[in-house]
Each structure stands twice: as structure tokens, then as C-alpha cells.
Amino acid sequence: MRLRELASYLGREFVGDGELVIRGVAPLEQAGAEDLSFVRSERWAKLLEGSRAGACIVPLGFKAGARPVIPSPHPSLDFARAVGTLLPCEKPPAGIHPTAFVDPGAEIHPEASIGPRAVVGPGCQIGARTLLLANVTLYADVTVGEDCILHSGVIVCEGTQIANRVLLQPGVVLGGDGFGYAFDEQGALEKVPQVGRVVIEDDVEIGSNTTVDRAALGETRIRRGAKIDNLVMVAHNCDIGEGVVIVGQAGLAGSTVVERGAMLMAQMGSGGHLRIGERAFVGARAGLHKDVAAGARVWGAPQLPERAFHRVMAALTRLPDALRRLRAVEKRLGLEPPGDSGEGE
Amino acid sequence: MRLRELASYLGREFVGDGELVIRGVAPLEQAGAEDLSFVRSERWAKLLEGSRAGACIVPLGFKAGARPVIPSPHPSLDFARAVGTLLPCEKPPAGIHPTAFVDPGAEIHPEASIGPRAVVGPGCQIGARTLLLANVTLYADVTVGEDCILHSGVIVCEGTQIANRVLLQPGVVLGGDGFGYAFDEQGALEKVPQVGRVVIEDDVEIGSNTTVDRAALGETRIRRGAKIDNLVMVAHNCDIGEGVVIVGQAGLAGSTVVERGAMLMAQMGSGGHLRIGERAFVGARAGLHKDVAAGARVWGAPQLPERAFHRVMAALTRLPDALRRLRAVEKRLGLEPPGDSGEGE
Amino acid sequence: MRLRELASYLGREFVGDGELVIRGVAPLEQAGAEDLSFVRSERWAKLLEGSRAGACIVPLGFKAGARPVIPSPHPSLDFARAVGTLLPCEKPPAGIHPTAFVDPGAEIHPEASIGPRAVVGPGCQIGARTLLLANVTLYADVTVGEDCILHSGVIVCEGTQIANRVLLQPGVVLGGDGFGYAFDEQGALEKVPQVGRVVIEDDVEIGSNTTVDRAALGETRIRRGAKIDNLVMVAHNCDIGEGVVIVGQAGLAGSTVVERGAMLMAQMGSGGHLRIGERAFVGARAGLHKDVAAGARVWGAPQLPERAFHRVMAALTRLPDALRRLRAVEKRLGLEPPGDSGEGE
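Residue numbers (the working numbering), protein chains in the order written: chain A, 1 to 345; chain B, 1 to 345; chain C, 1 to 345.
Don't take each hint at face value.
[Claimed, not checked] Below, in silico cross-link-like pairs of lysine-lysine (DSS-like), each with a Cα-Cα straight-line distance of 25 angstroms or less:
1. C:K331 x A:K331
2. B:K63 x B:K91
3. B:K331 x A:K331
4. B:K331 x C:K331
5. C:K91 x C:K63
6. A:K191 x B:K331
7. A:K46 x C:K290
8. C:K191 x A:K91
[Unchecked claim] Far from chain B, by Cβ distances over 12 angstroms, these chain C residues were calculated:
9. E19
10. L20
11. V25
12. A45
13. K46
14. P75
15. P98
16. G123
17. V257
18. A314
19. E330
[Said to hold, decoys possible] Here are the in silico distance ranges between beta carbons for each label pair:
20. C:V21 x A:P93: 57 to 67 angstroms
21. B:G272 x C:V21: 26 to 36 angstroms
22. B:G187 x A:Q30: 46 to 56 angstroms
These are computed hints drawn from the structure, not numbers from a lab.
By construction, the Cβ of each residue, glycine as well, lies at the ideal position given by its N, Cα and C atoms.
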């Protein structure tokens, strides 16, 4: 692809040799003469100077010397799009691989691709251009829309509904039983049947080995455009809003509602039946025990507003010193030293 | 099923039209005229009023108006049982699916069901009515008792023993190597062979993508009726007691002993070689560094008794203010401001 | 194997009956007359006395009575080696199982073993004596060196490079997409194509259901001899140094650099783009928000040097009492009680 073609594809101008041929993409440090690279901000100017990159996407107004560039108001975004067009994913051919096992009661669109050793249960419906890679397992009555990619090792339990352009990384489990028990008359745990389902809306992406449990009754729903990272746990009856971002190893207990545009950072956890408001931000490793208001930013466990959290954490490091100072004050005042000073067991 | 039949199945009385036909179950908000729903407590009275549910399981003495009901001393439990009988899981037929690969040296009970693409190694024994769903993998010499369900993607390494009525959700791994290394003469890590096994007793349930490692020597054992949620890690040589509950993303380091009836909440972790006593409760996100006494309730990292934890957490939010007050006191007394006040690196 | 043969294999002396036949290994409590066991330190003397173990590896100078022993400067290490030779893993035969699906464009060394139902994509290269167990999935263009073991359910995405003697436990996912998004012009999330790869160097071991994401550009690299436990998340573009140890459920955000010999304990997490220095130690459950110096020992979230962390944690339990004492001081001085004392939302 030539630089002028790439610029045109991105809807941007170019500066310099538009006939330059671009064959790959690489970070500035590793790029060669036929690679496209990108500069996020002025701070990368030095890095660019030392780079052998043939061409570069740069911020508007960035001084790039003689190197051919595409100035952009959104360099990261345009670079992502350039990568997508320069290095298109190879797609497996449409059709059912001879080693796949597709139940005769499943409907597979002729443009869909069912990979080696995949298993598709009775009553499943697979839409156009959807790819099930090797060793995907669909239970009965799963519907998958158009243009989805289900990577190897994905397991989708019965009745799950997956809309369009959904991307499931390897090892994702959708529709395992929720963790629900009732105590029986003798105080032993008895399983509460989990008879609801999982619904995944358009443009959702879910990371490797993440699990989304089916609802006890009704639905566990991941709404349009939500993005979920690896090893996340979404428990039964959660409702994850549009465009929500959930980062790696976070965990949501049952019936958590996350409203649109909220961001839940890595390794956070929520207690059950909480509501996390629209565009709220929950910091990494926070442990929620109550609702988070729309737009709020909270950190810590127990959760605190962001500024309070930072004040408390800063104060915490001063605490040993403060205890010494407190003792000095007491001595000056002739107050008794405290008896039992710790919260022992 | 008619209401009077359901009441009889549950061993309860009914009030109202016993001939009412029930075809499904649903939460109060979504239930229709042929659905059974349930009321947990008086607080749900309003919700019930607005519901179109045909019938309802309600607490004893609950005033439900004209709607047919089954009063119960355990509404949640009876509802769970009702769901189980109204919506029985469809079971795959007994026998070995033609696409399964079963080693000729394995013994499969004729009433067991081995699903598509499942792999069963030499020396395995599979009991009556046990289901191996699609793409389950059993290594050599695995024994599985009666009435178990091993969901798709479950992997069971060699020598694992699984008793009766065990339920393994998708992606569970039993018997991977424990994480054991010794330093060699040059200080490099050398693997300690992990030659023990995993033993799973009756009525255990394990959630999606949870891993239970084999013992270095001897056994990692999950005892009767223990329930383990998704993405939990049980390390080598752990001993998980009867009826123990371990919630999502919790992690137990090697040789942890959890005594019967203990509850370990989500995302908690234990250091190695600890003992968590009978009926102890470990709060969400707690990080244990020492034993927990029988019946104790602990939270936090480092762990504190529940009441102490709550006192400390409440005090923590007041700490920045307390530091200001301490400084005011010092000023009043003419004491010097502290020099180095933080615990810097 | 006779005791004198075992001693000779280990390069140690033996004391007592060298002709003793050893058939198994067991912990002291469970060992029988033909089992080898071991004693880590003097504190195990009593345990040894009560043991029926036929022979024992003991520390140098340990008084073991009449029992045949192999004294060793490294009892754990020598016991590990003894286990390895006494109980060698059974290896499946070389060759491609008839139920495996190997793309005709893959190169399999004749001494490699491809197990039942394994899938090997086009362009893959598998080295001598490497084992792919049942239900392993390799995408296209994966290279695996010699003497590797890929356990069942392992999924390796396209272009991944795996060197020699690499051990992947069941359910490991290598090369899933990194979690990278850019905001588009409307503020919606747009996927950043993840076109880099994963490189695993010699002697690396990775635990069950752990995920290692491919790089956005370039490489995610796990260097020689690193050991990673179960359910760990290694995000895109991380660089894990030689001999690094990462314990269960830890998580590293994108572009984390971990230098050689560092130890990251269970359930810790790092923010993105951090550097953890050579031989640094990061305590269990720590949450890193900035770099860790070489050789440093840090704990907590936010991270603190080890000694400071312990001082702060000890002080924390005294905080509720300190607040009472502060109030008493204020009263003595006639200072006003504070108005708003908490860091409420």
C-alpha cells in the first residue's frame, strides 16, 4: 500500500513522498524503511529522530523533518486503523471443516466457518461470516449472529444468545452455572438450579479464560460494545452496560448492575446486588461494598472517593510517626500510656 | 404440572386453585399467568402485587390475596426444588458418541454418556449415569463415580479420583502440576516433580475455569459437599473440608487446610500451610497470613477479627483529619513539627 | 532401585543398607518399608522417628538412628531428583494420533507426539520429543522446540514461538489479543489490532489456565527459566525476565518489565508500563503503581518497602485506640471536638 492510499483510507492528508510503499507496522525502535510507525506526542520526538521508520502517523503540527508523515488529530486511532488495513487477519474459508461435529439440527449460514474439531449442538444458529475456530464447543440452542469470531477453546452453554461482531478470545466460558445454593432443613447446601441464560449484545469483546455465568432465572446480559479483559468473572444475573470496560481479573458478584460507560479497573471486586453508575470509575483493586454514583471515581477497599482515598493513603504512611508523636504529647501532659493498644484477636 | 401436584412434590400445603397449570418459572417482574414465582420475605409484598405470576411460593403467614400460593417455611429452598422438577435438565443419551475417543483400556458404564470429541484415557473408569459432555479430556487412570456431570472443556489429569454426584463446570482443570521448585546448587529453580493426585469426594461442585493442582506427594482433597466457584485456585496438597464454600477468584496456597463448613469469600487469599478452622468465615478480599480459629470471622489483609476490622476501617477514613488535629495539639503545646513524616522508600 | 544406586545417581554417600530396594516415595507420615521419604530439617526428627519409611534423605549431620539414609547438603533438591528418577513420567508414544488433525503444511518431528484430537495449524513446526497431549490447539505458524510438554486444553495462537523444554499446564492460553482500545471520534471504543506475538524461551513453565496476551506490536516475551503459576494474567508487551517467579492469580498490566530473578507473589498486580527490578520481591496482594528498584522488597497497595509496610500495618491496628487518645488530649487542652471527622463521599 502506498502512503497516499493509506492517507486516503484514513481520510487524512499526507506530507512527503506519497508513493512510498508501506508493507508493515512496527514501533519506532524496531521499524524499518518499509514500516509505518506512529508518534503519540511531542515527547516521542527524540525517539522518532533515531528511528528508521519509512513513514509515520504524527500529531497535527508535529515537526517530523523530511520523513513522510500523515498528520492526524487522533494518531493512536489512525494508527490502529492503519494496522487493521495493512495487516488484515487471515480468515479461514467458509464452510464446515470435515473434522467438525455439527448436529444435524443446527443451522449454519453458508458463509460461516466452522473450524477443525468444533462441536455445534442441536438447535444452534450461526450467522454469516461468523468464525468458530478449532475446538470451539457450542451446547444446544446457542445463537450466534454475523461477523463474530469465537476463538479456540471457547465454550458456550445452552441457550446463550450472541449478537453480531462479538469477539470471544480463547477459553472464554459463557453460561456456566451461577453459584447459587440454599440451605436445606439440615443446614446443608442444596443447589439452586440455574435456569436462566447469557445474552451478549453487538460488538462485545471478552478476553481469554473469562467466565460469564448464566442467570439463576432470567438473564445475565453484556450490553452493546462492552469490553472485558482476561480472567474476569461475571456472576449470575449481572447486567453490564453499553461500552463498559472491565479490566483483567476483576470480579463481579451476582446481580451487579454496571451502567453504561463505567470503567472497572484490574482486580477490583464488587459485592452482590450493587449498582455502579453511568461513567463511574472504579480503581484497580478496589473492593466495593456499596453502590457507586454515576460519574464518581472510587478506589480502595472499603471504597473511598478518589481524593479521599489519596489523602488517606498518604496519611497512612505517616501513621507510625503520628503514634510516636501522640505518645510524646501524652507524656508532656502527664497522661497515662495506653493499656491495650492493638486490635488483637 | 398442577399446583396441587407441585405442593405435594414439595411436601407442602397449597392455598387457592390447585388445578392451576404451571409451565415455567420466572422472577416476579417477568412471570406470566402460567409461571411459578416466589417471595422471599414480607418486603417483596409490593413486588408481588404488581406481578402477573400465576402462582407463588411464599413465606408462612404471608398475605398473598387471591393468588394461588404454596406457603413454605423455606421459600427459597422450595422454589429451588420446584425449578428442579419443573425444568429438568435434558440429559444426553447413554453411550459413547461416535466422535469420542475412548481408549480400549477404559471401562465405561453402559448407562454413562460420553459426548462428542471427548477423550478418555487408558485405565479410566466411568460410573453409571455420569455425563462427560463434548470436549472433556480425561488423562489415564481417572475414576469418576456415578451421576457426575463433567462439562465441556473440563480437563482431568492422570490418577484423579472423582466420587459421586460431582459437578464440574466448563473449563475446570483438576490435577495440573503444583507450583513447586527447589533451588539447585547454582541458585536456579529446579522443578520438584508433582507425583501426588487430586481426590474429589461426593457432591462437590466446582466452577468454570477453576484449577485444583495435584499434590506434590499424597493428595489434594476436596471433601464431601464442598462448593467452589469460578476462577478459584486450589494449590497442591490443600485439604478442603466438608461443606466448605469458596467464592469466586479466591486462592489458596499450598497445603492450606480448610475445616468443615468454613466460608471463604470472593478474592480472598491464604498463605501456604495455614489452617482455617471449622465454620470460620473469611471476608471478601482478605489476605490470610496466619491461621483462623474455628468459628472466627476475619477480614482484611493483614487479617483482623470482624469487629476490629470495621473499627479500623472506620478510623482510617478519619486519619487525615486526625493528623491535622495532632498537629494542632502539638502547636498548642509548643512541640516541634515532625521532621520526616512519611514512610518513604 | 537400590539405595546405593540412588545415592550414586544423586552423587551422594549413603549410610546403612545400600541394598535396600526402593519402590516409591511418600511423606514421612504415609511412607512404608519400600518408600523413600525426606527430612528437611532437625525439626522433623520426631516425625521421622514415628515413620515407617524404608529410607530417607536427610540433612548433613542429621542423626537418623539405624534407618538407611542419604545425607545431603540439599535434601529438598535431592529428594526432588530422586522422585524424578524413581517415578518417571510415562510418555505417550511418538507419532501423530489417528484422531489428531494436523494441517499438511505443518512439520512434525518424527520423535514428537501429537495426542488425540489435537489440532495443529498450517506452518507449525514441532521439535523432537515434544508432546502435545489430547485436545491441544495450535493456530497457524506456531513453532515449538524440543522436549516441550503442552498439556490438554492448551491453546497457542498464531505466530507464537516456544523454545525448548517448555512446560505448559492444562488450559494455558498463549497469544490471545491484548486489551487495547482507542476512543474514536464519537468517544466509542475502537479495537486496536493486536498484531504482535508471544515468545516463550527455554525452560519456562506456565500454570493451568494462565493467559499470556500477544503484543500489540512486537513481542510479549517470557524469558529463560521463568516460572508462572495458575490463573496468572500477563498482558500485552510484557517482558518477563530470566528466572522470574510469578505466583498464582497475579496480574501484570501491559508493558510491565520484570527483570531477572524477581519474585512476584500471589494475587499481586502491577499497573501498566512499570519496571520491577532485578531480584526484587513483591509481596502477596501488593498493588504496584510505580517501579520497584532492583533488590527491593515491597508490600501493600499502595506499595511500601517491607519494613515500612510492617510498621504501618502494626500501627493500623492501634488506630481506633489512638483516635480515642487524641480526643482525650484535646479535651485536656480544651480544644474543640472536630466537626466533620470522616472522609465521606
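Comparing the hints with the structure gives:
1. C:K331 x A:K331: Within the cut-off at roughly 15 angstroms; holds.
2. B:K63 x B:K91: Violated, at roughly 39 angstroms.
3. B:K331 x A:K331: holds, 15 angstroms
4. B:K331 x C:K331: Within the cut-off at roughly 15 angstroms; holds.
5. C:K91 x C:K63: Violated, because 39 angstroms separates the two Cα atoms, which is more than 25 angstroms.
6. A:K191 x B:K331: violated, 63 angstroms
7. A:K46 x C:K290: Distance ~24 angstroms between A:K46 and C:K290 Cα, so the pair holds.
8. C:K191 x A:K91: holds, 18 angstroms
9. E19: holds, 25 angstroms
10. L20: holds, 19 angstroms
11. V25: Its Cβ does come within 12 angstroms of chain B, the nearest being 6 angstroms, so this is violated.
12. A45: Since the minimum Cβ distance to chain B is about 19 angstroms, C:A45 lies beyond 12 angstroms and the statement holds.
13. K46: At about 18 angstroms from chain B, C:K46 clears the 12 angstroms cut-off, so the statement holds.
14. P75: violated, 9 angstroms
15. P98: Violated, since 9 angstroms does not exceed 12 angstroms.
16. G123: C:G123 clear of chain B: closest Cβ-Cβ about 24 angstroms, beyond 12 angstroms.
17. V257: holds, 19 angstroms
18. A314: Violated: least Cβ distance 9 angstroms, not greater than 12 angstroms.
19. E330: Check fails; 6 angstroms does not lie beyond 12 angstroms.
20. C:V21 x A:P93: 57 to 67 angstroms: Given a distance of about 60 angstroms, which is inside 57 to 67 angstroms, the answer is holds.
21. B:G272 x C:V21: 26 to 36 angstroms: Cβ of B:G272 to Cβ of C:V21: about 34 angstroms, so the range 26 to 36 angstroms holds.
22. B:G187 x A:Q30: 46 to 56 angstroms: Between B:G187 and A:Q30, where Cβ atoms are some 33 angstroms apart, the hint is violated.
Figure legend: structure checked against the earlier numbered hints; hints not met, in rising order: 2, 5, 6, 11, 14, 15, 18, 19 and 22.
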